[in-house]
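Please construct the entire structure, taking both the sequences and the accompanying hints into account.
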Amino acid sequence: MRALFGASLKMVVRDKQALFWALIFPIMFLGVFRLFSFDSFGTTDLLVSVQDEASPAQQALVAALGESDFLDVTVAESTLDLASAEAAIEDDTASAVVLLTSEGAEARAELIHGISDPIGASVIEAGVSSVVDNVNLQLQGGRPPIEYVAASVDAEDTTFFEFLGPGIIGMGLMNFATISLAGSLSRYREEGVLRRIRATPLPPWKFFGSVVLAHMVVAALQVVIIAVVAELLGANVLRGGIPFLVLAVLGTVIFLNIGVIVAGLVHGRGAVEGAANAITLPMMFLAGTFFPVSQLPGAVQLAVQALPLTHLLVAMRAFVEGESVISQWPELLILAGWIVGTAVVARFTFSLEDNG
Amino acid sequence: MRPRCVVSAGSSLNEDAPPVIEARGITRQYGELTALDGVSFTVRPGEIYGILGPNGAGKTTLVEILEGLNRPTAGDATVLGYDIRTQIGEVKKRVGVQLQASSYHQYLTLREILELFGSFYPRSAEAGELLARVHLEDRADARINQLSGGMKQRFSIVAALVNEPDLVFFDEPTAGLDPDARRDLWQIVRDVRDSGATVVLTTHYMEEAEALCDRVQLMHAGKIAAVDTPAGLVRSLHAPYRVRVTTGAALDERTVAALPGTSEVRHTTEGDLHVVELRAQDAPRTVTALTDLAHDAGTEVIDLAVLPATLEDVFLSVTGRELSG
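Heads up: the sequence lines are chains A and B, in that order. The working numbering puts the first sequence at residues 1 to 356. The working numbering puts the second sequence at residues 1001 to 1325.
Don't take each hint at face value.
Pairs of lysine-lysine, PhoX-like flavour, derived with a Cα cap of 25 Å [unchecked claim]:
(1) B:K1093 - A:K206
(2) A:K206 - A:K10
(3) B:K1223 - A:K10
(4) B:K1152 - A:K16
FYI, nobody ran anything at the bench for these hints, they're computed from the structure.
Given below as structure tokens:
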């Protein structure tokens, strides 16, 4: 059994593609994000066109946009129409334009932007829409049903890079576990290794178990290595201590299970790698790896609750911020459900008898 | 046809010893398709037993059932005295298996793969010794994808010997190899047998079965068409010789066709020359008759060849189909 585990470990470590997803890719992200100055990063030049300076709604919105940290607001000297707004974006006068118009008592804010990268686009869209939401609440008077202020007070304690650290670790775990395990299993099946193993007295589950275990051990090493790099770059993730590391490794089980499911359902190595990427890539962007889920539009915010990485990152960040294990029970319960659920599905979708 | 048994040089074939494989009525169906249809045969200790047939004849399915990689729909078999239905674990400990496609871990070295597979068995041979047996000792630290096709095949053969097996299955061991590499491999297979193991190999190369096997089982469409030594199979042919005569002028086709004890007559030309090729029961008589015919036609025999019939001819005569078809 020790020889088998040792061989499985060697195979993971020698797989350059697996190592890329496990270490190089996340560390690259950490390095690249560290290069940016986060005070100016995420700041967008916003040109605001006011149609009716007397409108209280328009006044309030201009003021609220001006208070926003991530917007560099200029009020246009004259009222713009759609064509002149687009022209302003095209000649780089501004990255985005908000056109404020009024019809009777109703005001309307229209956002036009020329930001082509999906993260930037969703940040500006979500950001402006949340400012509009807040102004709407204020103008309607009364207390908002949900105290939003508490969240922003919390965020002040955490720098963007500190926020990013656990996200990058979670992303690295997910990419490595799902892509590498799905790839290995499909390779073993297609190259006939599984079949060759079945011709020996070794029970196939032992072989399977050693492959999964090797991935878990590498994932644990991966967490430690990325955490140390992130710490050195100033992300302070090691404040999360043992609960953080244990949670990260347990969370890996979900993504390993997903890897097994992918290898079971999809046949053909290219297709398996494609499917694994199709699962991990959107999850990487939507589950709050780089930006808080709270910056997503409302409906998307609800939808991303269905992603396991979302909950893993919430709990990992809570541990880094010094929250107790008990306090995270709802997230931990959801993650436990994911572990069990994906394990059951994996059990019924992947067969060791498979001949490819 | 009754199976015959021949003791060849270097083998320890023993007709009285219990059989290494005894298969009775092995049948394998995949839905409507019958891959194997009531296959029964016996393999004796120390022989190289060939299973010869075209692609799709059921060769691989048959050995996979005996290796425990597949299950028969009906029938039963013992391998080294163990029932394949109830004691396949014991079978797996004692047999060596080489599968058709190269099937080893691309991220391990040859030595590591042999050590890994050795760890699955109660007893195992040393990796260095194994590699030396197939002249790969200087490649111990190479990986599979750094090997040539012939080296890969040699490695997959030696990986089947890691547990010092009493019986080894080779499935199409020389498929896709050039003639030199193929002959190297034949010698390795003979060495395996000479070291005391019984060998069962599948092949669709007629000359491989002829050169290598003590006995050959011809398979066609999931059934056994014939079992005998290669020589015995050829002798069993009604017309066991091929005669080829080249003359300066054409021989009368009707007279040639009427020659007693001949069949499968083919007339061709090679430039100005005329070639008659046929199968003959009695080679000397047919050659004399053809020489006389040439004389009568006022020409002479320029070239003459008498060849024994091959397993190809046997296969054709037993199944009505070409082996390579």
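How the hints compare with the structure:
Between the alpha carbons of K1093 (chain B) and K206 (chain A) the distance comes to roughly 16 Å, so the proposed pair stays at or under 25 Å and holds. Restraint check: the Cα-Cα separation between K206 (chain A) and K10 (chain A) comes to about 16 Å, which is no more than 25 Å; the hinted pair holds. Between the alpha carbons of K1223 (chain B) and K10 (chain A) the distance comes to roughly 45 Å, so the proposed pair goes past 25 Å and is violated. Under the criterion of a C-alpha separation no larger than 25 Å, the hint pairing K1152 (chain B) with K16 (chain A) is consistent with the structure, at around 23 Å.
Of the numbered hints given earlier, the model fails hint 3 alone.
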